[in-house]
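Using the sequences and the hints given, assemble the complete structure.
The working numbering numbers the first residue of the sequence shown as 1 and each following residue consecutively.
The set of hints was computed from the structure by calculation and includes no laboratory data. Fair warning: there could be bad hints in the mix.
[As the list claims (entries may be wrong)] EDC-like, lysine to aspartate or glutamate: derived pairs with alpha carbons at most 16 Å apart:
no.: 1; residue 1: K206; residue 2: D225
no.: 2; residue 1: K206; residue 2: E131
no.: 3; residue 1: K258; residue 2: E317
[As the list claims (entries may be wrong)] Estimated spans, in silico, between C-beta atoms of each pair:
no.: 4; residue 1: W90; residue 2: Q262; range: 39 to 45 Å
no.: 5; residue 1: R199; residue 2: P224; range: 44 to 50 Å
no.: 6; residue 1: Q330; residue 2: W90; range: 47 to 53 Å
no.: 7; residue 1: R197; residue 2: P13; range: 23 to 29 Å
no.: 8; residue 1: L94; residue 2: G136; range: 28 to 34 Å
no.: 9; residue 1: R198; residue 2: K160; range: 51 to 57 Å
no.: 10; residue 1: M161; residue 2: F243; range: 33 to 39 Å
All values derive from a computational prediction rather than experimental measurement. Glycine is no exception: its CB is placed at the ideal position from the N, C-alpha and C atoms.
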Amino acid sequence: LPPLPLAMIGQTPASVEQLIYQVVADAVEDAKLTIPLRDCGVVIGSSRSCQAAWEQLAQEQMTSHGKLDTEPEYPRFDILNEEILTLEHWLDTLPHQPAIAAAHYIGSCGPVLAPMAACATGIWAIAQGFELIQTGQCQRVIAGAVEAPITPLTLAGFTKMGALAKTGAYPFDKERQGLVLAEGGSVLVLESEDLARRRAAPIYGKLLGFGLTSDAYHVSKPNPDQHSAIAAIKQCLDRSHLFPTDIDYIHTHGTGTKLNDQNEAELIQQLFPQGVAISSTKGATGHTLGASGAIGTAFCLMALKHQILPPSIGLREPEWDLDFVTIARQCQVRQALCFSFGFGGQNAVTAIGISSNCRH
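In structure tokens form, the structure reads like this:
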């Protein structure tokens, strides 16, 4: 079927709070759990977090003093409107608020972490949740990321960069224009294998390992030598006890920007010369920034569950000779990788494998 992106667009931007409660509630229900979950760890990240709340407060302050669009200077902090800037409103703008909100919702008294690593945030969150279980600090962790970036400042910033597409997202296509900004979130319930089997949990897959590196190169551009990005992939494969030939599918970062897609395609050609099925789902979902890696990991788990690879919507004329999935493909999938490459050179990779207890 042809994509229908307009059907997915709401009348007004979503709020981070709406997203976090929805995805956490859905994850808890799907995992056959009931709250409170006192010993559950929480790792929820967001690259923009509560930026929309900051912008709204600033706008209301400026408007209350008649300064919006009339006087360019910064508002004076000695004349703040206290009716607008309540303590509750201010606390709602703190960067860790999505993680705190998730912890409150499930009644967690365990560790609560709130990573921020640009577009790699979602995989960072899953990796930190993985480590909490591996080190014995938790038996169960709710991990993922949410993003509600449709704000004036974010739109202005990406427009200034020239990164936004005019008509749509076409990752890896010769005619790609840039990214399409999107809202969304993904939360996974991670459990130790022992706990999951004891309670006969619905298992989608096994988190095998991860890789995290940084370019230390540029505030927005990826390093053209790809050394750190390649290191993250190799790190993930080593930790997962896998070889490149063991990988059946790669969910790419695939934003639809000229530079990102080029770098990513070239490193896949270099590391996986045998060929591997790849796709980017951002042609359908848009780019959810910090949430994209968590959403990509969920797509990998769905591929394992259904043994169907998600397609690259919008890809009509690939620029590289790679095994692009352009329509949903029935395929035997046992191991998959998910890539995220964020601003500032944040590189993150997860490896997902099928479990003997996976439900199909």
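Review point. Okay, which hints does this one fail, numbers in order?
Key: As far as the earlier hints go, 1, 7 are violated by this structure, in ascending order.
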